[in-house]
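6 protein chains.
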Amino acid sequence: MTVTRSIGFTDIDFDRNGKQVGFVSFPSSVHDDAWGVIRVPLTVIRNGATPTVILQGGNHGDEYEGPIVLGEIVRGLRPEAVSGRLIVVPAVNLPAVEASRRVSPLDDLNFNRTFPGDPLGSTTQQISHYVSSVLFPLADAFIDLHSGGSSLSIIPSAVLEPCADPALDARNRAAVEAFQAPFKVQIANFGDPRTSTSTAVRAGLITVGTEMAGTGTVTPEAVRICRRGVANVLRHLGVIEGAVERGEGTPGFHTIAGTASYVMASESGIFEPYHELGAPVDKGTPAGRIHFLENPGREPTELVFGAGGVVYGKRHPGRVRPGNCCMVVASPLED
Amino acid sequence: MTVTRSIGFTDIDFDRNGKQVGFVSFPSSVHDDAWGVIRVPLTVIRNGATPTVILQGGNHGDEYEGPIVLGEIVRGLRPEAVSGRLIVVPAVNLPAVEASRRVSPLDDLNFNRTFPGDPLGSTTQQISHYVSSVLFPLADAFIDLHSGGSSLSIIPSAVLEPCADPALDARNRAAVEAFQAPFKVQIANFGDPRTSTSTAVRAGLITVGTEMAGTGTVTPEAVRICRRGVANVLRHLGVIEGAVERGEGTPGFHTIAGTASYVMASESGIFEPYHELGAPVDKGTPAGRIHFLENPGREPTELVFGAGGVVYGKRHPGRVRPGNCCMVVASPLED
Amino acid sequence: MTVTRSIGFTDIDFDRNGKQVGFVSFPSSVHDDAWGVIRVPLTVIRNGATPTVILQGGNHGDEYEGPIVLGEIVRGLRPEAVSGRLIVVPAVNLPAVEASRRVSPLDDLNFNRTFPGDPLGSTTQQISHYVSSVLFPLADAFIDLHSGGSSLSIIPSAVLEPCADPALDARNRAAVEAFQAPFKVQIANFGDPRTSTSTAVRAGLITVGTEMAGTGTVTPEAVRICRRGVANVLRHLGVIEGAVERGEGTPGFHTIAGTASYVMASESGIFEPYHELGAPVDKGTPAGRIHFLENPGREPTELVFGAGGVVYGKRHPGRVRPGNCCMVVASPLED
Amino acid sequence: MTVTRSIGFTDIDFDRNGKQVGFVSFPSSVHDDAWGVIRVPLTVIRNGATPTVILQGGNHGDEYEGPIVLGEIVRGLRPEAVSGRLIVVPAVNLPAVEASRRVSPLDDLNFNRTFPGDPLGSTTQQISHYVSSVLFPLADAFIDLHSGGSSLSIIPSAVLEPCADPALDARNRAAVEAFQAPFKVQIANFGDPRTSTSTAVRAGLITVGTEMAGTGTVTPEAVRICRRGVANVLRHLGVIEGAVERGEGTPGFHTIAGTASYVMASESGIFEPYHELGAPVDKGTPAGRIHFLENPGREPTELVFGAGGVVYGKRHPGRVRPGNCCMVVASPLED
Amino acid sequence: MTVTRSIGFTDIDFDRNGKQVGFVSFPSSVHDDAWGVIRVPLTVIRNGATPTVILQGGNHGDEYEGPIVLGEIVRGLRPEAVSGRLIVVPAVNLPAVEASRRVSPLDDLNFNRTFPGDPLGSTTQQISHYVSSVLFPLADAFIDLHSGGSSLSIIPSAVLEPCADPALDARNRAAVEAFQAPFKVQIANFGDPRTSTSTAVRAGLITVGTEMAGTGTVTPEAVRICRRGVANVLRHLGVIEGAVERGEGTPGFHTIAGTASYVMASESGIFEPYHELGAPVDKGTPAGRIHFLENPGREPTELVFGAGGVVYGKRHPGRVRPGNCCMVVASPLED
Amino acid sequence: MTVTRSIGFTDIDFDRNGKQVGFVSFPSSVHDDAWGVIRVPLTVIRNGATPTVILQGGNHGDEYEGPIVLGEIVRGLRPEAVSGRLIVVPAVNLPAVEASRRVSPLDDLNFNRTFPGDPLGSTTQQISHYVSSVLFPLADAFIDLHSGGSSLSIIPSAVLEPCADPALDARNRAAVEAFQAPFKVQIANFGDPRTSTSTAVRAGLITVGTEMAGTGTVTPEAVRICRRGVANVLRHLGVIEGAVERGEGTPGFHTIAGTASYVMASESGIFEPYHELGAPVDKGTPAGRIHFLENPGREPTELVFGAGGVVYGKRHPGRVRPGNCCMVVASPLED
Ligand SMILES: [Ca+2]
Ligand SMILES: [Ca+2]
Ligand SMILES: [Ca+2]
Ligand SMILES: [Ca+2]
Ligand SMILES: [Ca+2]
Ligand SMILES: [Ca+2]
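Chains as they are written, first to last, in our numbering: chain A, 1 to 335; chain B, 1 to 335; chain C, 1 to 335; chain D, 1 to 335; chain E, 1 to 335; chain F, 1 to 335.
Because the hints were derived from the structure by calculation, they are not lab data.
Please note that the accuracy of each hint is not assured.
Put simply, identical chains are the same to the list, so a pair is met inside one copy or across any two.
Unchecked claim - List time: in silico EDC-like cross-link candidates among lysine to aspartate or glutamate, alpha-carbon distance up to 20 Å: (1) Lys19 to Glu177; (2) Lys283 to Asp11; (3) Lys19 to Asp165; (4) Lys283 to Glu245; (5) Lys283 to Glu248; (6) Lys283 to Asp192; (7) Lys19 to Glu299.
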């Protein structure tokens with residue numbers, strides 16, 4: 001027997017004007033709650049149906065600026081101030097958000113590697129299926145708010161998803177530009193088709209991603225950038241009034257060019273970076289070194305940049321294991 | 001039958017000139033290693049016995065600048081460049097360092113709350129007993145290198161332990177001053193007598209503590225400050241040659257005045273700070289707020305400063321529970 | 001290469017008369033047992049092939065009345081007393097039963113959400129595949145014995161699975177009636193097709209479910225009700241002799257009408273119910289309240305019934321998290 | 001260096017009239033909170049100093065009626081309605097209460113086996129030291145509210161601590177009587193001197209314990225009994241006005257006479273009790289049996305009462321291991 | 001959107017002559033490493049393309065002789081000494097090898113039950129997909145080096161995979177013979193199609209498996225047998241020069257004939273075997289007994305051989321649970 | 001209030017002739033069993049009081065030959081066959097035995113590092129206190145049966161505890177000799193006074209220890225050696241009739257001379273030993289090497305013997321961390 005309809009249920013009516021603050025619930029039958037649900041916060045602020053914009057936060061549970069800014073919108077934005085419809089999901093991977101973990105503690109899945117999801121899969125797969133099968137068809141645009149998460153420190157940036165359709169790509173670039181982040185970068189996630197933004201692009205939605213500062217913390221500066229950026233994209237899309245508010249930023253688009261752009265740890269130890277975010281670096285020069293604290297007589301091992309550019313991200317936790325991403329370099333995006 | 005002698009054993013001869021890089025081993029009989037040991041790195045660099053300075057890192061296992069800088073000394077400092085004796089313990093709480101945890105995974109103890117230790121206690125207690133009963137009697141001065149650790153971001157600072165003896169206090173202040181950190185602060189740890197620095201002061205040692213940037217990461221800047229500071233104190237004590245190298249810093253000593261200087265979380269949620277480190281703040285003004293991401297319709301709860309001063313530390317992980325330290329305020333130390 | 005045959009193996013011959021007490025074994029290659037098996041208890045008591053009735057217990061590993069009563073049958077029922085064939089699986093989700101957990105500790109799966117199973121899936125999926133592909137085709141009727149489990153306290157009841165075929169539905173109702181439980185209820189599990197009873201109904205088997213008292217304990221009363229009920233259904237089906245033994249009970253069928261019948265927790269805290277099982281309640285009235293014990297100055301939050309009826313189930317553990325099922329209301333089933 | 005003063009700190013002034021709702025905080029330096037505290041809720045409701053009564057809940061973290069009723073007092077009792085001083089600690093073992101565990105997750109200690117505590121011990125020991133060294137000297141009477149906890153179902157009862165001083169024993173009996181519980185029982189905890197009530201008795205305080213229904217849940221009936229009982233004892237002690245409200249109950253005192261009063265499991269399996277709470281039972285008769293669900297062909301093992309009396313408590317979780325307490329028998333207390 | 005290409009990436013060029021020691025990396029986005037990879041060691045030693053032989057170790061992470069011997073080849077074999085191409089994967093299930101666990105700690109999967117794998121599955125499935133879709137098409141022969149692992153002690157043996165194609169089967173037998181192990185055995189793994197060797201056979205590769213001594217340790221003797229055997233097979237295949245070096249061994253092929261060849265535990269306890277490896281045993285005679293150490297008065301339970309032959313394997317850890325494989329019997333393989 | 005009496009209780013009467021098979025129970029109040037006990041098996045076989053011999057097994061929970069042989073005595077030895085009194089404790093650290101762990105899962109303590117114990121400590125300390133304060137005063141001799149445990153493979157041996165009293169030492173040597181093990185060795189455990197045998201010697205008991213083969217398994221040969229050895233010592237002490245049965249063995253006593261006799265791991269990796277047990281080895285020669293399987297291009301690190309002698313023990317699990325005991329060398333004991 002095949003099931004294709006989401007079993008998530010909600011009291012929210014997507015076709016009603018006004019503000020509805022509620023939840024979409026997914027049945028979850030576990031040891032300590034046989035007949036319970038996972039309640040994912042869902043808010044609709046509607047004043048006419050077009051355009052419909054989905055604002056998603058909490059794709060990863062340890063990235064906080066997006067959920068904080070979307071919570072301000074949930075509590076503070078009046079329907080009369082809106083033209084069209086906002087679907088706000090500030091903590092979409094709710095179990096991960098409650099655990100402050102990148103991945104869901106329920107199934108150890110990375111929500112952003114589960115699209116298009118599965119209506120009868122584990123909870124994470126059920127949520128991504130709901131987003132892709134119920135919300136995406138309602139929408140014209142999709143904003144997916146990330147930060148670096150516990151493991152990475154990243155230049156606050158608006159992120160462009162690769163797009164095969166030149167017309168949509170142009171609209172995406174304009175929306176990414178409108179965010180007015182300090183940095184604009186295209187990220188391909190090794191070409192993985194299971195992310196929410198790649199799925200949104202394939203569904204034809206105008207799509208904007210972000211990376212805020214990260215490291216699993218909240219900073220006043222990153223909240224300000226995120227708050228301004230979300231408002232700017234909504235202004236750009238005509239959902240709220242007013243002109244895009246300009247911010248300082250590196251001109252042009254960058255990209256993470258390929259696997260050589262990542263500096264991976266080769267040993268277990270403590271990584272000491274030699275550079276701060278934003279530093280220009282050359283291929284073949286040292287990126288940092290790994291220390292062996294349990295054996296201080298052993299010489300540290302140096303890591304080397306496999307590509308030149310600007311330091312876009314760096315690992316936050318001091319301890320590394322082989323394969324951990326220690327540094328990421330961005331280079332200008334060729335058109 | 002009473003045992004008072006440490007059961008730690010080492011091949012290192014504290015009375016021999018030259019450099020000896022080795023370990024002190026503590027028998028540890030556990031499930032997967034019935035007859036093994038915990039090997040704590042120990043190095044002696046000696047050119048005459050006086051003064052003897054203990055350099056300790058890894059008191060907490062997630063604070064890396066100290067162990068990194070002490071590793072450079074272990075590998076790079078020649079005995080001929082020394083006058084007196086350096087006892088270097090870069091990763092004193094080795095099990096915690098290997099786990100990158102503040103506390104030891106073997107007994108869940110905070111090494112810095114176990115002094116003077118216990119020769120037949122758990123491993124952490126055996127190590128602190130070794131430091132207090134074997135190393136302290138050999139020494140004239142003690143430098144204990146901390147960073148903020150995984151949970152805190154702190155202004156890089158040299159730390160003064162409270163001292164009842166005015167003569168020793170003056171020597172401690174001079175040594176703390178010599179470190180040339182951006183900030184100088186007296187920390188009393190709620191008056192806890194079980195820290196290594198309070199025990200060192202009671203043993204009559206010139207004592208210097210530090211707090212580097214923290215957050216469980218390594219930064220190039222904090223490594224530079226720590227490297228310069230350790231060299232400066234050794235110069236100040238006459239162990240190595242040369243003049244103290246000056247650094248930029250806030251003049252005078254500060255202190256964490258009392259329990260009102262800590263802003264503690266009152267709810268479970270995500271803490272958004274309103275201020276960066278170093279900001280001047282007033283008593284009674286908002287320090288930040290706690291968000292309830294699983295329930296975005298609920299208003300965040302604001303936290304308020306119980307004392308004025310300068311923001312000396314702030315919590316790093318976004319998630320908080322009641323009682324978590326969210327902000328710490330330092331105020332000028334009255335003489 | 002496609003595999004569709006179960007890899008479970010057994011020495012039991014389903015076509016032999018007499019009583020065979022044994023196991024069906026599923027290869028399981030894990031760290032501490034590379035070449036072992038999971039042995040699921042399986043008993044056949046046969047005196048002719050028709051009717052064949054499957055008696056299943058241990059669908060969830062923390063529900064004990066069914067396995068206890070089926071164990072009595074395994075040890076005590078003589079083949080001569082039987083007309084037809086009993087296939088008794090008292091602890092079908094054996095790994096969960098051994099762990100006393102609702103879900104299997106091997107794969108964290110809820111057996112009752114894995115039908116029809118997968119011959120090369122994880123152990124839970126292999127067992128459900130065996131039940132649906134090997135046992136169901138042998139059978140005319142299926143009795144699946146549940147209790148409330150660790151998280152729920154439920155009115156002891158015989159459970160009717162929804163059925164699209166009116167003829168089979170009538171036979172199911174008669175069999176459910178024959179159980180003579182204190183309460184009769186139709187449960188749709190949010191329409192989930194992956195339960196054993198919904199799969200049995202689709203396979204055309206006469207199907208009876210139960211819910212005993214639950215809370216992860218065993219009570220003398222629930223054992224008595226379950227023992228009598230199983231015997232009654234076997235009498236009703238003609239497998240054993242004698243007339244159905246009448247029990248006290250609420251007349252007619254009830255149902256859990258929809259998502260509004262569940263009272264879900266909205267906060268983390270301790271739930272205090274205002275009603276006992278069986279109490280009549282009205283929509284919109286308070287069901288109980290959630291206390292914040294770590295902060296006794298905070299007012300508790302009241303929960304409200306979304307539908308009226310009779311309290312059919314209530315959460316057992318005091319602690320709740322958002323989404324936990326706190327109360328369930330049953331209302332009369334409309335024909 | 002010896003420390004004997006508690007390091008717990010609070011803003012509450014025990015000598016001020018009125019109601020103060022706050023916390024006593026214990027410094028706790030752990031991996032994810034280096035400079036934080038454990039905040040134990042503490043309320044003082046004062047209208048003159050005498051008598052001073054300590055109301056303690058949350059001794060074990062999975063016993064809820066006491067904390068619920070004390071929370072009502074914290075929020076609802078006006079100082080003007082009081083004669084003397086109430087010190088209310090509704091969740092004394094706060095880490096255990098937050099975890100809903102009998103023992104503290106911080107140090108795995110049973111608070112009720114740590115008295116008189118240790119000012120520099122682990123958190124549980126610091127809290128019991130605070131209660132015994134700071135609160136007990138302020139008080140005339142002590143009420144310690146327990147329920148059965150996750151593992152036991154118990155007849156709701158007021159509990160008498162054994163007392164060597166006949167005068168105090170008489171006052172304790174009168175206070176226990178005043179509680180008006182369904183049952184009155186003396187419990188000696190195998191003579192363990194480390195409980196809070198035995199310590200209170202040695203400190204000369206009028207002492208009342210309780211056991212409510214337990215099983216880790218909350219029932220409306222147990223909340224009612226506890227609410228009435230606490231009010232009754234306060235009336236009896238003259239702290240609040242009014243006459244003791246009578247309740248139904250078994251006359252006279254019972255006791256758990258000795259180790260033979262406990263029925264302990266002899267095997268691993270599922271325990272099926274043969275009796276409900278309150279049933280009269282004879283020595284040498286069967287108490288229940290242990291089933292081997294993984295092997296239904298094996299005969300269950302019966303357990304036998306080692307002493308006669310009335311069934312006072314029974315194990316709640318179905319699964320048992322050797323040594324688990326399955327049944328407890330109470331017999332009349334000889335004077 | 002369907003993905004069929006492996007997302008593993010490597011700098012190694014399979015078509016270049018010489019020795020390349022490197023890694024194939026699989027993107028892995030987890031909580032503590034959002035943009036990292038799992039680096040599986042991969043070495044190519046090439047001097048012409050034919051024949052191509054894959055040498056695989058670390059299929060299970062607690063089997064060490066294979067990885068040790070393959071490491072010697074990686075470091076010590078010069079390309080000039082080779083005719084054709086060696087693809088060496090000494091630690092194919094790298095996460096399991098790092099954890100010294102049979103199964104991967106990342107997804108709890110047994111690599112040898114995941115073939116042909118899944119390009120977008122969990123890491124273990126991605127690795128098996130890489131082996132089957134990228135490496136197998138390049139190769140003529142496949143050697144998969146196992147030992148008994150933590151749970152089994154096994155006669156060191158070369159293992160023949162069942163093969164439906166008589167011509168390939170003959171080539172496999174010749175290669176297995178060439179290994180010159182003490183024992184030669186056909187193992188069918190209950191006919192499971194998901195092993196690497198069954199997949200290799202279906203892909204038409206000459207396939208040799210092994211089982212070394214096991215028990216999760218390394219023995220000098222097993223390393224010698226494995227080192228000689230791998231060299232012998234490479235000589236036999238013409239990849240390296242020289243004649244096969246003869247070893248002592250039982251003549252002819254044995255097999256594990258069926259489910260009766262396994263002695264499974266029937267109880268939880270400590271298994272005492274009555275026989276050593278290699279002993280001839282008869283069907284129906286005792287294999288050993290299970291002791292109940294917590295209850296020494298209870299008689300141990302004897303286990304009986306279900307088939308006769310020679311003791312080929314025995315369980316290593318003393319503790320058993322029902323279903324654990326305690327003994328395995330091999331009997332002569334009929335042609 | 002000071003407690004010095006053990007709170008363990010038992011129905012066994014040490015002064016009654018005959019065989020009593022029972023338990024000593026220690027109250028243990030934990031989350032899932034508030035009023036339960038830990039039941040340690042205890043058997044007395046008595047035919048007159050002198051001599052009294054304590055037979056202890058299960059000091060470590062993963063060493064099985066002792067408990068197996070003592071279980072045979074519990075079940076099979078008739079009181080009439082005894083002269084004097086046997087106190088048999090086959091599984092003294094019962095929680096560790098049930099878990100098959102060296103250390104107790106209840107408190108993570110190594111029973112053999114807790115003597116003389118603590119009557120109100122954790123369970124392990126309560127058991128050792130019972131042995132030292134209740135059993136030792138009743139006894140003339142003490143036999144403590146060990147095997148190598150999960151982490152070590154050891155030459156089966158009778159072990160001599162160092163003894164300052166020459167007369168007792170002579171009696172101990174005679175009893176150790178009587179065991180007729182393949183090897184006789186004095187082990188000082190780094191002089192630790194907290195072992196059961198060192199405590200027994202200080203209490204004046206004739207004391208014999210053993211080490212059987214170990215590695216966490218059971219072998220027929222080790223059971224035979226242990227069975228014969230225990231009977232031999234009982235014959236030697238006159239408790240049972242008959243002459244000591246001679247076994248093959250290395251003549252004279254050996255000893256583990258000092259810390260140089262242990263080969264400790266210096267790195268994390270997989271240890272490959274170069275020698276089998278019993279091999280003669282020279283100081284300064286290689287003992288084995290550590291492999292880095294995740295990085296096969298890295299050369300293994302060799303470990304070197306710090307003392308010459310015979311290989312007495314070797315690590316069993318392949319994986320090592322720095323400080324793990326990889327090899328132990330015994331040398332002749334000088335008188
Ligand atoms: Ca992210
Ligand atoms: Ca620190
Ligand atoms: Ca159920
Ligand atoms: Ca309690
Ligand atoms: Ca294997
Ligand atoms: Ca041992």
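State the violated hints by number, sorted upward, taking the hints as numbered earlier in the document.
-> 1, 3, 4, 5 and 6
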